[in-house]
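Asks: Sequence:
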Amino acid sequence: MHNTKKMTKILLLIIGLSIFGFSFSQTDSLGIDLDLNIVLMKNTYLISGNNSCGTGFIVTKEKKKNNEKKKTSKRAKKDLNYIFITAAHVLDSIIGNEAYIYLRTYDNGIYKTFPFPLLIRNKRTNYYKKHPTMDVAAMYVTLPKIFDNNYFSLSEGLFINDNDIKTWNIRTGETINCLGFPYCSYDSIGCFPILRSGKIASYPIIPSSVYSTFYFDFEVYPGNSGGPVYFFEDGMKARSRSDQYFLMGGPHLQFIMGLVSQQRYVVDDTKDTIFIKLARVIHSKYILETIEMLP
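Numbers given in the working numbering equal positions in the sequence shown, counted from 1, plus 38.
Think of the hints as simulated: they come from the structure by calculation, not from any bench. Some clues are possibly wrong.
[Said to hold, decoys possible] With a cut-off of at most 16 Å between alpha-carbon atoms, the simulated EDC-like pairs for lysine to aspartate or glutamate come out as follows:
| no. | residue 1 | residue 2 |
| --- | --- | --- |
| 1 | K168 | E330 |
| 2 | K183 | D225 |
| 3 | K237 | E271 |
| 4 | K315 | E271 |
| 5 | K99 | D73 |
| 6 | K323 | D202 |
| 7 | K161 | D130 |
| 8 | K99 | E327 |
| 9 | K150 | D202 |
| 10 | K168 | E327 |
| 11 | K323 | D225 |
| 12 | K323 | E194 |
| 13 | K101 | E330 |
| 14 | K161 | E194 |
| 15 | K150 | D186 |
| 16 | K167 | E271 |
| 17 | K99 | D255 |
| 18 | K204 | D225 |
| 19 | K99 | E194 |
| 20 | K167 | D200 |
| 21 | K315 | E257 |
| 22 | K168 | D130 |
| 23 | K101 | E194 |
| 24 | K168 | D200 |
| 25 | K237 | D255 |
| 26 | K99 | E136 |
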């Protein structure tokens, strides 16, 4: 009986690692620990065009393969699609067919940014897909060869769902984080986003099929739209959240919760718009649904 319980714990640990751990090495070339704070920072970019700027992030999805193709033990980068995610209104507001993503190069410990042209439409035909009811857009991007070779990809497995929220007891009052470019501003010559944090400010937050958005207690500025909202908790703190998380010093509890859509506002009796210092966050469920709309 004791052995059975022990094996169950080991199995649960493996499940937890596969969902909330990363499959790459523990440090990057600068010796910095690779948790979601760093990896998502590397995957988040400023996007701008005529009349609009915002925030977006890149995730990877395995390409569909023919059954005749041989399976390989290692998944090469050429077998992945790169998908750019942002708020739909960011792309809709850009006048013209072209936008720019400010990608990065990396050489000898130094990051530098460069504007990479992105064709978002051809006249009236958009090259991005929009969720039918939510402010989310997704499109394939082809990255240039000079793109940061110190890059680590994000997969769909890092997006939380309702069952995960229940399992890990994520609730109102939790501290969550967001990356973005307020007023198109950024930190350092590598054009990295600015990290800000606040509390989950609404109740309840699930089921996401009913409560499609929730509020995040931080002030939104133009340029924040499309930024990823995520949860990160050190393994030592997270171990008390669930029976699954029993190993002291285990992997961090980390996942993407959604993206910033807009700031909460009300209209008063004089028809003036009053902005409240709350961000409206769209659940990750709708990001995944938008990704599935891509061919």
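Asks: Each hint: holds or not?
Replies: Going down the list of hints, with the structure as the test:
Annotation: proposed proximity of K168 to E330 holds, straight-line Cα distance about 11 Å (limit 16 Å). In summary, the hint linking K183 to D225 is not supported, as the alpha carbons are separated by about 24 Å, beyond the 16 Å threshold. Distance restraint check for K237 and E271: the Cα-Cα separation of roughly 14 Å lies within the 16 Å cut-off, and the hinted pair is therefore satisfied. The hinted pair formed by K315 and E271 fails the criterion: a straight-line CA distance of about 24 Å is larger than 16 Å.
Distance check on the hinted pair: K99 and D73 sit about 20 Å apart at the alpha-carbon level, beyond 16 Å; violated. Of the supplied pair hints, the one linking K323 and D202 holds, its CA atoms being roughly 12 Å apart against a limit of 16 Å. In summary, the hint linking K161 to D130 is supported, as the alpha carbons are separated by about 13 Å, within the 16 Å threshold. For the hint linking K99 to E327, the alpha-carbon distance of about 13 Å falls within 16 Å, and the restraint holds.
With a C-alpha separation of about 37 Å, the suggested pair K150 and D202 falls outside the 16 Å cut-off, and the hint is violated. Simply put, K168 and E327 have alpha-carbon atoms about 10 Å apart, close enough for the 16 Å limit, and the pair holds. Restraint check for K323 and D225: not satisfied, since their Cα atoms lie roughly 30 Å apart, outside the 16 Å limit. Note on K323 and E194: the hinted pairing holds, with a Cα-Cα distance of about 11 Å set against a maximum of 16 Å.
This hinted pair checks out: K101 and E330 have alpha carbons roughly 12 Å apart, not beyond 16 Å. A threshold of 16 Å between alpha carbons decides the hint, and for K161 with E194 the separation of about 31 Å lies outside it, so the pair is violated. For the suggested pair K150 and D186, the alpha carbons sit about 9 Å apart, so the restraint of at most 16 Å is met. Of the supplied pair hints, the one linking K167 and E271 is violated, its CA atoms being roughly 32 Å apart against a limit of 16 Å.
Note on K99 and D255: the hinted pairing is violated, with a Cα-Cα distance of about 31 Å set against a maximum of 16 Å. About 35 Å separates the Cα atoms of K204 and D225, which puts this hinted pair outside 16 Å; it is violated. Restraint check for K99 and E194: satisfied, since their Cα atoms lie roughly 7 Å apart, inside the 16 Å limit. Between K167 and D200, the direct Cα distance comes to roughly 24 Å. Violation of the 16 Å bound is thereby established for this hinted pair.
A distance of roughly 4 Å separates the Cα atoms of K315 and E257; the hinted pair therefore holds under the 16 Å criterion. As the CA atoms of K168 and D130 are separated by approximately 10 Å, the hinted pair is consistent with the 16 Å bound. The suggested pairing of K101 with E194 holds, with an alpha-carbon distance near 13 Å, which does not exceed 16 Å. Annotation: proposed proximity of K168 to D200 is violated, straight-line Cα distance about 22 Å (limit 16 Å).
Proposed proximity of K237 and D255 is supported: the alpha carbons are some 5 Å apart, at most 16 Å. Restraint check for K99 and E136: not satisfied, since their Cα atoms lie roughly 24 Å apart, outside the 16 Å limit.
Hints 2, 4, 5, 9, 11, 14, 16, 17, 18, 20, 24 and 26, counting from the list given before, are not met by this structure.
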